[in-house]
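Participant: The working numbering numbers the first residue of the sequence shown as 12 and each following residue consecutively.
Check before you lean on any hint, since a few could be wrong.
When the alpha-carbon atoms are kept at most 20 Å apart in a straight line, the in silico EDC-like pairs for lysine to aspartate or glutamate are as follows [what the hints assert, rightly or not]:
(1) K61 x E89
(2) K54 x D91
(3) K80 x E93
(4) K34 x E22
(5) K61 x E93
(6) K61 x E110
(7) K54 x E93
(8) K80 x D69
Simulated DEER-style distance windows between Cβ atoms [claimed, not checked]:
(9) W109 x R19: 15 to 21 Å
(10) L50 x R96: 29 to 35 Å
(11) K18 x A83: 28 to 34 Å
(12) F48 x V111: 20 to 26 Å
(13) S100 x F48: 29 to 35 Å
(14) I23 x E93: 18 to 24 Å
(15) I23 x V114: 26 to 32 Å
(16) K15 x G108: 33 to 39 Å
(17) S100 x V30: 33 to 39 Å
Don't read these hints as lab results, they were simulated from the structure.
Being a predicted model, the structure only gives us computed values, none of them experimental.
No residue lacks a Cβ here, since even glycine has one placed at the ideal position from N, Cα and C.
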Amino acid sequence: IVQKYGKRFNEIHVTAAWVGLAKMPMPMANGGRLPAFHLVLVKRLQGFTKSMPAIHSDGIMHVLHSMGKLHAAGGMFEVDRELVRGLMSQAATNEGGWEVLSVANLLFGLARMGVRPGA
12 IVQKYGKRFN EIHVTAAWVG LAKMPMPMAN GGRLPAFHLV LVKRLQGFTK SMPAIHSDGI
72 MHVLHSMGKL HAAGGMFEVD RELVRGLMSQ AATNEGGWEV LSVANLLFGL ARMGVRPGA
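Given only the sequences and the hints, what does the whole structure look like? Please build it.
Facilitator: In structure tokens form, the structure reads like this:
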């Protein structure tokens, strides 16, 4: 689905794809790294996420939290620092408001990726 329809995704689709991927059981191979298929999917999702003009605060939280979960499960993929900075920049100016749990999940995701807020 991501490969076939990804270019037509909107922010809701991208967010749902990240959440779904983070919930999938991850068969570990290659010394605890993601299998090639999962790495390709992560790269595509990173690209689609970068192409979104704006993402609502809940979407930003879900993407960063999911990225953190995936990365923490054995450092499965290299964190796209440019993507994280872009999402954090959107988060800082997002007028959608933030729930306390969303802030906690966002910070949890950043911590799992080894990213400091504001860095």
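Participant: So which hints don't hold here, by number, going up?
Facilitator: Structure breaks hints 6, 9, 10, 12, 15 and 17.
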